[in-house]
Amino acid sequence: MSHEHDYHPPGLQHQFEDMGQQQDSVTVGMWAFLVQEIMFFGGLFTAYLVFRSRYPMAFAAGSNHLDAFLGGLNTLVLIVSSLTMALTVYYAQKGKRNAQVILIILTMIFGTTFLVVKYFEYSDKYHHGLVPFNGLNQKIKKGHEGGEAEKSEKSQIVLPFETKAEASETKTEAGSETKPAEVHANPRGEFQWHDENGVKIVHEAKKGGYLTPYEQSGYYTNGEYDNDKFTQKVRIFFYIYFVMTGLHGLHMVVGLGIMTWLLVMAWRGTYSAEYYSPVEISGLYWHFVDIVWIFLFPLLYLLGRHFLAGGGH
Amino acid sequence: MQSNSWVPLFPDQASSFAWQIDYLYFYLILISIAFAIPIVAAIFFFAIKYREKEKFATPEEIHGSTTLEIAWSIIPFVLSMTIFLGGAIVYFNQYRPPENSMEIFVVGKQWMWKFQHGTGQREINELHVPKGVNVKLTMTTEDVLHDVFIPAFRTKADVVPGRYTTLWFNATEVGKYHLYCAEYCGLNHSGMGGWVYVMEPKDFENWLAGGGTGQTPTEIGKDLFMNKLGCASCHAGGQNQRGAKLEGIFGTEVKFVGGGSAKVDEEYIRNSILNPSGQVVEGFQPIMPSFKGQVTEEQLLALVAYIKSLTPNSAPTGTTSTPAPSTPSANANTATKSAAANSNK
Amino acid sequence: MTETHTDNEHIGIPGYLGVFGILVVGTIVTYLVALTDLDSKLFPGANTLVALAIAFTKMTFVVLFFMHVRWQTRLVWISAVAGFFWMAIMFAYTMQDYLTRGTGYFTP
Amino acid sequence: MQNVDVMNISEEPKVNYLTNGFSLKSWLLTKDHKRIAIMYLITVSAFFLIGGLYAATIRLELLTPQSDLLESGQYNRVFTQHGIIMVFFFLIPVIPAILGNFFLPLMIGAKDLALPRINLLSLYIYWVGGILTLWALMQGGVDTGWTFYTPYSTTFSNTYVMAVGLGVFINGFSSILTGLNFIVTVHTMRAPGMTWFRLPLFVWANYATALVMILGTPVVAITILLLAIERVGHVGIFDPAIGGDPILYQHLFWFYSHPAVYIMILPAMGVISELISNFSRKKIFGYEFIAFSSLAIAVFGFLVWGHHMFVSGQSLYAGLVFSFLTMVVAVPSAIKMFNWTATLYKGSVSYDAPMLYALGFMGLFLIGGLTGLFLGSMGLNVHLTDTYFIVAHFHYVMVGGTVLGYLGGIHYWWPKMTGRMYSEFWAKISAMLVFVGFNLTFFPQFVLGYLGMPRRYASYAEELQVLNIFSSAGAAVLGTGMFMPVVYLILSLVFGQKAEANPWHLPGLEWRTASPPPTENFEKMPVVTWEAYEFGEDNGLDHEAVRGKELVEA
Ligand code: HEA
Ligand code: HEA
Ligand code: CUA
Ligand SMILES: [Cu+2]
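Chains as they are written, first to last, in my numbering: chain S, 1 to 313; chain F, 1 to 345; chain X, 1 to 108; chain L, 1 to 554.
Hints are not guaranteed to be accurate.
In silico DSSO-like pairs for lysine-lysine, Cα to Cα no more than 30 Å straight-line [to be verified]: (1) L:498 / F:55; (2) X:41 / F:255; (3) L:25 / F:55; (4) L:498 / F:53; (5) F:55 / L:31; (6) L:428 / F:53; (7) L:346 / F:53; (8) F:49 / L:428.
Everything labelled a hint here was simulated from the structure, so no lab data went into it.
A quick note: this is a predicted structure, and the numbers were derived from the prediction, not measured.
Can you make the complete structure from the sequences, with help from the hints?
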């Protein structure tokens, strides 16, 4: 080998001739990996597309049960973390160790914030029986303290941020309809769906002539909104919601792992203007995960929001 | 009929469109031979003629020829388009059941086929059909995917839970033919099948009379409609009619409250019974109760048959010996209305 | 390819902040637009369309600037586009079936 | 031109990749693409033998019309496991992970793949997926068919669908990582002077394959994940009883699995391009057309998946589109066939064993591909789908095509990989047996299929027995033919003649280093000044430069 005794830059692996080649390789590799990721999520988006185009109302109803405020907050959190990540790369290229370390830590903090918020969202769904898998919802026996717990939880629901006014209206409306006795026993942790907004949305849509006959047949029995049928469709929404956000969350966790490793390396001052490609490609990954969320947010959280906002028909 | 005294090399040809598939098959064999023989011949010829005469020789270089490349891209392409078109035409013929076909209902379940004739005859794993009559199978399944396959008729279609699929044929030869399940469905997939008996229409009539115990579906449907389920209380006609007029409705186009319309086919009637408010007909209130859970699949088929038998101006009487309503029957699969398109997000 | 990282500056800190600003504004606009009923004002699906359009814009900014594709080789451009192109293939060819299938369904 | 003597490397390098460390660790933690390829070779072959045993069981059972050897439940498991092992654990990795891994860097003059650690990772992932699957098979196996159709697989089957699904899911990532590595390597690791249009066609084919792997495999991964979650949670996205759609599963599955058949065939086509050109000692006819047809297949292959669903309840319109595109995608394959044939013209064709396999490939793939057109034609498909015609079609392309291509390739490169020559005599016998046995096995199945024998049947109509006996008899011959290489190739390691660096006297870069190659492949960075398959003086073939040492310094 010709350059065995030559100057050997740190981080140059044996199969490469020079840093440029190595840098190109990892960049191309990362992009190929991202293409792979796109197709991975693409399968989910296809399922989403198929079902959403068939049951838009159920999707809207399900979506209204997500907390758009938290979703939006998380979007912002991720955007900030993307900024800090981009700046990390910037300072890595400049070889500024301290700035890198601080920015990586910030990125990690924001990433963690995202996951914490996600945790609250998930546990909210857990308490409301909205996890589409049986056995994975809070198990409540009728008349037990569990019931109390659920009730108190319920009164704490953070209503969608945007519609404080209207939402409280809806709430009182709903509240008056909900008899106090109506504590939903859920001994086997099944999926539960008690949303009057669902009825409202479907009725609105029906009035507006938006429902195709076929779609209506998916929701109605006896001229009445059939909770069972509607629930099935909403359940599909939540299934897709959980799989998509779950996989996204998994990607975040992996991202945090990468960040930890980056932090150690940056702490040791590994990166310089000559050698910073690990930072750069980790950044690519981080931004990609961010982009996925940029799409998930409107597609999952914001469906049919205006029905809630009272702007409907 | 097939016997096992000889080795068959070609299947029986027993339906009106079997020849089309066979000709398409021959055409493809022809194309295959037309390509295979020259290519194989060329390979042999070159391999022998230009066999190595000297170890590690360096023969003259030939780079390629764009003319040739274009030629052998275009020719296969054009030929393959004829294959596509031929296939598409044959497929079309098989896809749309002709109007006024005799209808037979099929329910697949692990691992048997249940058939019900228009006259109420039921059969399991055996299907008797008359020769020379268009027969349409309206099919569904209770559990997993299955597939009705009758090789002698060259036809086959998956049955899918949750929806109706159709298949039709016109048998041309009296005989006994294999009936298979061709979509893998679990343990006894290879046992899920039986025989199709094609009979002279006369014999078929006799067979129906001989074995026909119960009422025809139309009769059963009438009974359900008039008495058991009380549909007549709303749909009986006359001045007190609160429900939609059902006479002659089959095959027509109905408009819905709030826009939209649909063609009345088996599927639609079924939905109307299970799910009336899903599609409220213009001019009516959504008062019809759902009969979901109160009627079985078989009763549903009977009701559908009965409603199909109602012709305009005919008092709801019912039975005819040939259960072929002459209303145009829409194929459940191809009804034009798109289920998924417009929506409000 | 090697010359890609000679220019380390890219858009500099102000640039990054600018992109960041755009992203934040995009998020807020998405949010607000979701509350107004464009579906009945414009045409059904308008809300979704707008939301997706904004998401696309945001993505474009992230890809171009944060992910430095703006300064990258053609190969990287191609792979960035290819992923979406293939996803579009999957959508289009799946939906071509669903949208032309007709009403042959019943809900048991 | 006589250049036998000059082409020998006089003294062998002291250390080659095989002798560079003997400890278990030096293998398990190696980053050397060649060692990884050897480990793949061993595992993939093991899977092939397991799959082959299942095949033998199938054919034994089908000797009689009744299901007497196996009950239908067992038979269902046997063919399912045959399909799963053969497709996911044998045919998809076989050429890329063994021959591609070993020779792609050598052929482009690189020291290794661009991402050696990822390469090792992909091997380990393959092992984990494989072991999980084998474990599931020992526990009781699966009976869903290799296609895992819903709702049978989600709701009704009570076999180890989850475990096998997980195995396939994991294995998918192995394939993705291999593809990723190839793409990067081809883009960034080419030796000086190795321009895109000087790449051997095997590299082009693997590159196209890698594209399909990256774009397709993730979709099957997510599909299987959805299926698994559906099976546990029973949410209903594939279950029509609660609002789902089983056809969606088929769409997602075939979105991957049709392109996957091109993952299987493209590398074999690459091998065949090498063999045909090199064993007629002539530049390949229409190089660019073959190269681009690989890419065309990779791209158009994504647009035709619906041809597996013509009778499934897909809309008529969708069927038409898919049928049309199926015809379009056949054309690039046709282009390849014609170019290969034309390459023989005025060549100097030798009948070494690899070439016999290549010629066999041409004949069998021709039949397999043409019968693919039968299936793509909608009207015929209705009669033929889910019959033995399909079984025959895909064995013609997969066994007659890919397996023969692989066997040709492994013989061709065996001297380079191991430094030993195999027994030419036995190799020829084996090639003949495979060809004859293969046709005997699968040709009758076309007839059976048109007669209407459905596939996945443990018991069948009595009048079909004679043809089935032919088929089973053929399988015995085929099995013998395929098992022989295992024996004589292993024996050659001990008794085989030592191989020269360039036993076939070829211009490819992989022949310009020692056999077996040293760890970093070339002693000096090669500089390429000749086109692919350029026999003759220009490429320095008949000069000293043939030896790795003499390659010009970068
Ligand atoms: C290596 C794998 C491989 C390859 C390469 C192919 C190649 C092709 N396949 Fe095959 N196929 C499978 C593996 C493969 N297939 C498998 C595993 C299944 C079954 C899956 C299952 O259900 O379990 C299947 C099933 C299958 C079906 C579905 C059948 C059904 O279930 O109903 C169809 C339908 O169109 C089809 C078509 C084709 C076509 C048109 C090609 C084309 O690419 C072939 C192109 C080649 C040629 C055409 C020959 C060379 C050309 C000429 C000599 C010139 C003349 C050409 C013209 C006139 C155009 N295949
Ligand atoms: C790469 C793919 C591949 C390969 C190589 C093969 C190889 C073979 N296959 Fe297979 N096959 C499939 C992929 C493949 N198959 C798939 C995907 C299916 C569909 C599954 C489904 O429906 O879900 C299928 C289904 C299938 C069926 C249909 C089953 C049914 O539908 O009911 C049949 C029937 O004849 C069959 C036969 C064979 C035979 C005889 C071989 C022969 O070529 C095998 C020859 C090789 C050997 C025989 C091994 C060699 C060595 C030995 C056996 C020695 C034994 C060793 C000792 C005793 C120590 N295969
Ligand atoms: Cu029913 Cu196979
Ligand atoms: Cu295919």
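We went through each hint and held it up to the structure:
1. Restraint check: the Cα-Cα separation between residue 498 of chain L and residue 55 of chain F comes to about 19 Å, which is no more than 30 Å; the hinted pair holds.
2. Between residue 41 of chain X and residue 255 of chain F the alpha-carbon distance is near 25 Å, which keeps this suggested pair within the 30 Å criterion.
3. Restraint check: the Cα-Cα separation between residue 25 of chain L and residue 55 of chain F comes to about 43 Å, which exceeds 30 Å; the hinted pair is violated.
4. Distance check on the hinted pair: residue 498 of chain L and residue 53 of chain F sit about 25 Å apart at the alpha-carbon level, within 30 Å; holds.
5. The hinted pair formed by residue 55 of chain F and residue 31 of chain L fails the criterion: a straight-line CA distance of about 38 Å is larger than 30 Å.
6. Distance check on the hinted pair: residue 428 of chain L and residue 53 of chain F sit about 19 Å apart at the alpha-carbon level, within 30 Å; holds.
7. The suggested pairing of residue 346 of chain L with residue 53 of chain F holds, with an alpha-carbon distance near 12 Å, which does not exceed 30 Å.
8. The suggested pairing of residue 49 of chain F with residue 428 of chain L holds, with an alpha-carbon distance near 20 Å, which does not exceed 30 Å.
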